[in-house]
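Enquirer: Put chain V with the ligands on the given structure of chain E with help from the hints.
Order-wise, the sequence lines are chains E and V. The numbering of the first sequence is this note's numbering, which starts it at 26 and goes up by one. The numbering of the second sequence is this note's numbering, which starts it at 3 and goes up by one.
Since the hints were derived computationally from the structure, they do not count as laboratory data. Think of the CB as a built atom: it goes at the ideal place given N, C-alpha and C, for glycine as much as any other residue. This list has only true hints and no planted wrong ones.
Here are the computed lysine-lysine pairs in the BS3-like style, where the Cα-Cα straight-line distance is at most 30 Å:
#1 K234/E with K252/E
#2 K234/E with K57/V
#3 K360/E with K411/E
#4 K296/E with K221/E
#5 K80/V with K269/E
#6 K269/E with K291/E
#7 K335/E with K411/E
#8 K243/E with K269/E
#9 K411/E with K350/E
#10 K350/E with K360/E
#11 K57/V with K81/V
#12 K269/E with K252/E
#13 K269/E with K81/V
#14 K296/E with K243/E
#15 K358/E with K411/E
#16 K234/E with K24/V
#17 K269/E with K57/V
#18 K252/E with K24/V
#19 K24/V with K47/V
#20 K243/E with K221/E
#21 K24/V with K269/E
Ranges of calculated distance between the beta carbons of each label pair, as one might list FRET restraints:
#22 T28/E with F32/V: 36 to 42 Å
#23 P34/V with I92/E: 30 to 36 Å
#24 G232/E with R56/V: 24 to 30 Å
#25 P31/E with R56/V: 52 to 58 Å
#26 P34/V with S218/E: 48 to 54 Å
#27 G27/V with A104/E: 15 to 21 Å
#28 L323/E with P71/V: 54 to 60 Å
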Amino acid sequence: MATADPIGVLTGAHFIDGDHACSEGAIAAGCRFVAGYPITPSTEVVERIAERFPFVGGVFIQMEDEIASSIAIQGAAWAGKKTMTVTSGPGFSLMMEHIGLAAMTETPLVLVDVQRAGPSTGLPTMPAQGDMMQARWGSHGDYGIIALCPNSPQECFDLTIKAFNLAEQYRVPVLFMMDECVGHMIERVVIPSADKIEVTPRRMHTGSKEEYLAFAPKADLVPDMVKAGDGYHMHVTGLTHDEKGYPNMTVGTQARLVRRLVDKIKLNAEKIVDYREDGVEGADIVVVTYGITSRTALPAIEQARSEGLKVGHLRLVVAWPFPEKRIRELSSKVKAFVVPELNFGQMTLEVERCAAGRANTVCVPHAGGTVHNPKDIYEAIRDSVKGAK
Amino acid sequence: MSEPTPTKKARGSVVIMAERCKGCGFCVEFCPTDALDLSSQYNAKGYHPPVLARKDNCTGCDICGMVCPDFAIYGFIKKPTKGH
Ligand code: SF4
Ligand code: SF4
Numbered sequence: 026m027a028t029a030d031p032i033g034v035l036t037g038a039h040f041i042d043g044d045h046a047c048s049e050g051a052i053a054a055g056c057r058f059v060a061g062y063p064i065t066p067s068t069e070v071v072e073r074i075a076e077r078f079p080f081v082g083g084v085f086i087q088m089e090d091e092i093a094s095s096i097a098i099q100g101a102a103w104a105g106k107k108t109m110t111v112t113s114g115p116g117f118s119l120m121m122e123h124i125g126l127a128a129m130t131e132t133p134l135v136l137v138d139v140q141r142a143g144p145s146t147g148l149p150t151m152p153a154q155g156d157m158m159q160a161r162w163g164s165h166g167d168y169g170i171i172a173l174c175p176n177s178p179q180e181c182f183d184l185t186i187k188a189f190n191l192a193e194q195y196r197v198p199v200l201f202m203m204d205e206c207v208g209h210m211i212e213r214v215v216i217p218s219a220d221k222i223e224v225t226p227r228r229m230h231t232g233s234k235e236e237y238l239a240f241a242p243k244a245d246l247v248p249d250m251v252k253a254g255d256g257y258h259m260h261v262t263g264l265t266h267d268e269k270g271y272p273n274m275t276v277g278t279q280a281r282l283v284r285r286l287v288d289k290i291k292l293n294a295e296k297i298v299d300y301r302e303d304g305v306e307g308a309d310i311v312v313v314t315y316g317i318t319s320r321t322a323l324p325a326i327e328q329a330r331s332e333g334l335k336v337g338h339l340r341l342v343v344a345w346p347f348p349e350k351r352i353r354e355l356s357s358k359v360k361a362f363v364v365p366e367l368n369f370g371q372m373t374l375e376v377e378r379c380a381a382g383r384a385n386t387v388c389v390p391h392a393g394g395t396v397h398n399p400k401d402i403y404e405a406i407r408d409s410v411k412g413a414k
Numbered sequence: 003m004s005e006p007t008p009t010k011k012a013r014g015s016v017v018i019m020a021e022r023c024k025g026c027g028f029c030v031e032f033c034p035t036d037a038l039d040l041s042s043q044y045n046a047k048g049y050h051p052p053v054l055a056r057k058d059n060c061t062g063c064d065i066c067g068m069v070c071p072d073f074a075i076y077g078f079i080k081k082p083t084k085g086h
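Same shape as in the complex, but just chain E (with noise of 0.2 Å):
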C-alpha cells in the first residue's frame, strides 16, 4: 500500500471545521484538481482548496455551474489526475447526469455534497440529510454507488481520504455525504504524518498498448485504468459500451455492463460497508444513526439505559452500500431500530426492509434546520418497545 505524499500533507493538530478538514483530506489523498461551483455551506472546502493548491501543485477552477464542475473533473480523472468535486443540496441536483456518466464510464471521482435543508433552495445555511436516497438513486438507470457519511471534523479528515481510496479501488464515483453541523463544527482535527495514510493509488494498466482493453474487468470486477495521452487506444462513452470502450449497443451488451457496474460494489460489499458499534450485543433497541444524528442520538441513549433499558448503537459510516447483513441478523435478536433522520426516513426504509418484519422500525423525523431534540430520540427509543413483538 502507498502512502501520501508528505508536500500535501499539514501534520500536526489542528482547530478548524469540518469543511476545512475535507479540503485538508482530499490534499492529502493526492487530489490535485479540483473544479466547484461555491455553495453555502460547502463553500469553505473550495475556498481552502484555492487557498492550498498553488502549494501542492494543484488545479482549482471556479466553473459557471455544478454541470460543467462535476464534467470538468471527469476530464481531469481522464488526464490521471485525483479529482473531486464540492457542492449542496441544488447543485446535488444538477450533478445527477454525470454521477451516471461517472458510473457508466467507471471514472473515479469524490463528489462531496454539504447536506443543507431542502427541497430546492430550501435552507441555505441550515443542517439536513435529505439527500441520502438521491445519492443512491438520484442518476437515472443501474449502477452501483459508495457513500459515506462523516460526523465530525476529524472524519472529514479520515473519510475523505478513504473516500479517494475507495474511489480508485472500486473505479466509482464515491459520493461524501457530509451535512451543514459536521461541516461547520471546529473541533480539533490530528493529521498524522505522510508516512501513516495510506493512498490507494490509481489501478493502472501496464501491459501491451495492441492488448489493452479499455473495460476489461480484472477478478474484483473492476477494470484496469490508462491515462489519455498515453497512447493506449480508448474511447470513453456513455453510451452501453463493449471492453474496447466503443458503443454496442445490444442487450447482451447492456446486460454484462450494467450487471458488473451494480455487481462490483454488490459482491464487495462486505468488504465496503463500515459502522460503528456500541452496546448493541444483547441489546433490545437499537438506534442506528448517521453523520451529526449520531451525536444528538447520545443523550437520548444515555438517558434510556440510565432507565434500565437496553439499547446498542450502531452508526454508518458507509451508508451506501447498506450493512444488509449486519441489521439482518439484528432484526431477528432485537425487538425494535429506531433511526433519527433530519428528513422523514431516508435510511429508515433500508433499515425496515433489511429487519423485514422481524423488529420494528421507528423513524424519528426532523425537517431539518437544526438537529434533533435529544428528547425526541429518547421517547422514541422508551415507546419503540412498546409496539414490538
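Expert: Relative to the frame of chain E, chain V with the ligands by itself:
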C-alpha cells in the same frame, strides 16, 4: 486483439468533410486497418484533412467517425454489389 483482415475488395468507405477538420489525426491513429493518412492538401483553415489513402483496407467500421471530435469524417459499409 487480432486486426481485421483487409479484404481485396473494399468493404467500406468514408465521407470526409474537409472544411470541418482540424487535423488532429485521431482518425488516422485510431483506424484499425490503417486506411487513412493526413493529406498534403490544406483546408481553408490551413489544416491537413484525412484522405482514404488505402481504400481497399477500409471496412466501413466508422471508428474514425466515432473518434473525430468535429464530425469531419464518417465511415459506412458499402452495399454488396450484384454477384458479390
Ligand atoms: S471506416 Fe473504419 S476502416 Fe474505414 S477509414 Fe474509418 S476507421 Fe478506418
Ligand atoms: S479526427 Fe476529424 S478533425 Fe481529426 S484529423 Fe480526422 S477528420 Fe480531421
